[in-house]
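These protein sequence lines are chains A and B, in that order. Just so we're aligned, residue 0 is where the first sequence starts under numbering that gives the first Met the number 0, counting upward by one. Just so we're aligned, residue 0 is where the second sequence starts under numbering that gives the first Met the number 0, counting upward by one.
Keep in mind that the hints were calculated from the coordinates and are not lab data. If you're wondering where the values come from, they're calculated on a predicted model, not measured in any experiment. The beta-carbon is built from N, C-alpha and C at its ideal position, and this holds for glycine as well. One or more hints might be untrue.
Stated by the list, open to error - With the C-beta cut set under 8 Å, the calculated list includes, among others, these residues of chain A facing chain B: (1) Ser68; (2) Gly145; (3) Leu178; (4) Glu180; (5) Gly184; (6) Gly186; (7) Ser188; (8) Lys275; (9) Gly276; (10) Leu277.
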Amino acid sequence: MSPRGLSTEAGIAGGDSAVEAPGNPTAPSVPTSRVRARWNSWKGLVYQLAGILLAFLALMFWLQTADLSPIELTTLAPAALWVYTVEHIQLTLLAAAIVLVIAIPLGIALTRRPLRFLTAPVLVIANFGQAAPAIGVVVLLAFWVGFGFWAATLSLVLYAMLPVLRNTMVGLQQVDAHLVEAGRGMGMSSAAVLFRVELPLAVPVMLSGVRTALVLLVGTAALATFVNGGGLGILITTGVNLSLTSVLVTGALLVALLALLIDWLGRVVEHVARPKGL
Amino acid sequence: MSELNATNRADSTDEPITPTGITGASILLDGVTKRFPGQTRPAVDGLTMEIPAGKIVMFVGPSGCGKTTTLKMINRLIEPTEGRIVVDGDDVTDMNGDTLRRGIGYVIQAGGLFPHMTVATNIGIVPKMLGWDKARIAARVDELLELVSLDPALYRDRYPKELSGGQQQRVGVARALAADPPVLLMDEPFGAVDPITRLRLQDELLNIQEELQKTIVCVTHDFDEAVKLGDWIAIFNEGAQLEQYDTPERILGHPANEFVENFIGSGAGLKQLTLTRVADVGLSDAIVGVAGERAADVLARVTEAGHGHAVVVDARHRPVQWLSRRQLGRLDVISDGADPKLPVVGIHATLNDALDTMLVSSAGAALVTGRRDTFKGVIDVKTVMDAITRSQGAAVLESDQAPVGLNTGVFQAQASAEADPSDTAGHGADAQAVR
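In isolation and in its complexed conformation, chain A is listed as follows (with noise of 0.2 Å):
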């Protein structure tokens, strides 16, 4: 379990203090020039990434200079690494696609004046999923469905469904209702109001939950490796069984970085399609 809590936290302690420098553009050394006030709106950014790129290539140099055993060495080939990073990747990608494609309609249909009565009860199922201990759901899916990928898959999609439906509600529910009713009153459809003004405004907070699915999602994927789902997850149980220390750590970090990685991706997309004018 650590090595998940590690991710997380990780990630979201990073991503915490990367926030503020985008989020306040006006600082008081506002306009000196335009130049600096795009360096100050990236300024995060830059150091996020810039520190996971250096924990990898100092991951990589202990790695090539360490000395380590015939096991190690098989498990830690760098072709083997890839590969596991890439199911990690795939898993978390594929598990995020299915939240959106999910998510996303139901918040937004949740929010229209029919179905707004059903908003408490899906919440609390969307509670429920997240509630429940991931590894617990894993494994219990995995009888249902069958061990390998789909029901690590499947577990994942109902463990990041949470952040992603409250904050397509929330954002949806927080765009000011004189907006929508000038939208209304200047003979704009309900449809046209909910794609020209609604989601464009609800964009930032619903951007932000799917950031937040996704690094959940990446920690959450290394115990895919339980139901013999991929990932980097079979380094850590590996280190873990065997007690091969440079193999665990390895895994753990790289889960980590990974995290990281995704976290910023998700800030530079928030970042960019902020709608202009807020």
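Take the given structure of chain A and dock chain B to it, following the hints.
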């Protein structure tokens, strides 16, 4: 920048504005009722009212009286439970609501601008929906920004958060006018701006209306705003009971019943003063002296004319001093010093402002200045009193043209009210009797 433009515009009102003629459309609410689910009493109860083309009609009343519901039923943001809505002779009760609303301007409090769109995009929304091409939309945007006294080059590409509250409200009005709709609905449009900006926006709306002559229906909770802007004022009680629907002059001079009286509050006579401008009343002449003249000469002219005072003007004919006979008698030559406490009002000021100046100065009169602060004449308390008396008389004469407005839902006396629909005041008395 905009403030500057606004002032320029206000100054230029001396030049004749050529009205383009009435571009508004008449509106008829015919026996309109709205019941909200879960409420026993209807929010709007059998309201029939006519809104004449090209006029500003103000809806006022206590909160929750159904005035906003009534407004929103005109563009069917709220669908009436019963009754018909007729715009420009066409029954629009069953037409597509979105199509209807594209043809009716809608302004809400604080402008309701979309924060993620530039000023130009905000204004261009309705034209874009109507399928105008880009060049035409861009030209229209600039034209409208000019109309609301914002420099297009400066404001076109700004986002709403980069504008002040007053500027946002102006853009809100421009957006509502984008497709040149005959009808403009305004829901407490100036409620969210500071009092000074509000006065300026009201003046500007009147200027725009003078030019465009749309039919404007405006909800407000501020009775003074209603008096200032309205050609007609509809005073509602709970359930959109129309208590009185008449000109500001008649509502102030002849409130239909106790409810209206209470709603106007105290000082109805004083409120009438805001209806008339200094330029509309007769000014008295004054003996004018110039600095450097011998005081005795001026005094001789004052005595000959039987006046008590002489006004001293400077080289550009701006008043600088106001001297009594006694002061003139003591002087040898008239000095060119300026009196900082001179009671001066502009010719476009309301009688209310003029009276205020008089009372503060304790002179019982005030000097009136026109363009570039040149001296125009003197206004005194008696002129103001005469003007009040006259406007009350005139209001009584006008009453025959009053548009129809009545509630059919609760009145036993409906038949008699319909027999004489123009007599809204008498109708209000009926309401009193029934209760």
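Structure-based check of each hint:
no. : hint   : result
1   : Ser68  : violated (58 Å)
2   : Gly145 : violated (47 Å)
3   : Leu178 : holds (6 Å)
4   : Glu180 : holds (6 Å)
5   : Gly184 : holds (4 Å)
6   : Gly186 : holds (3 Å)
7   : Ser188 : holds (5 Å)
8   : Lys275 : holds (7 Å)
9   : Gly276 : holds (3 Å)
10  : Leu277 : holds (6 Å)
When each numbered hint is compared with the structure, violations occur for hints 1, 2.
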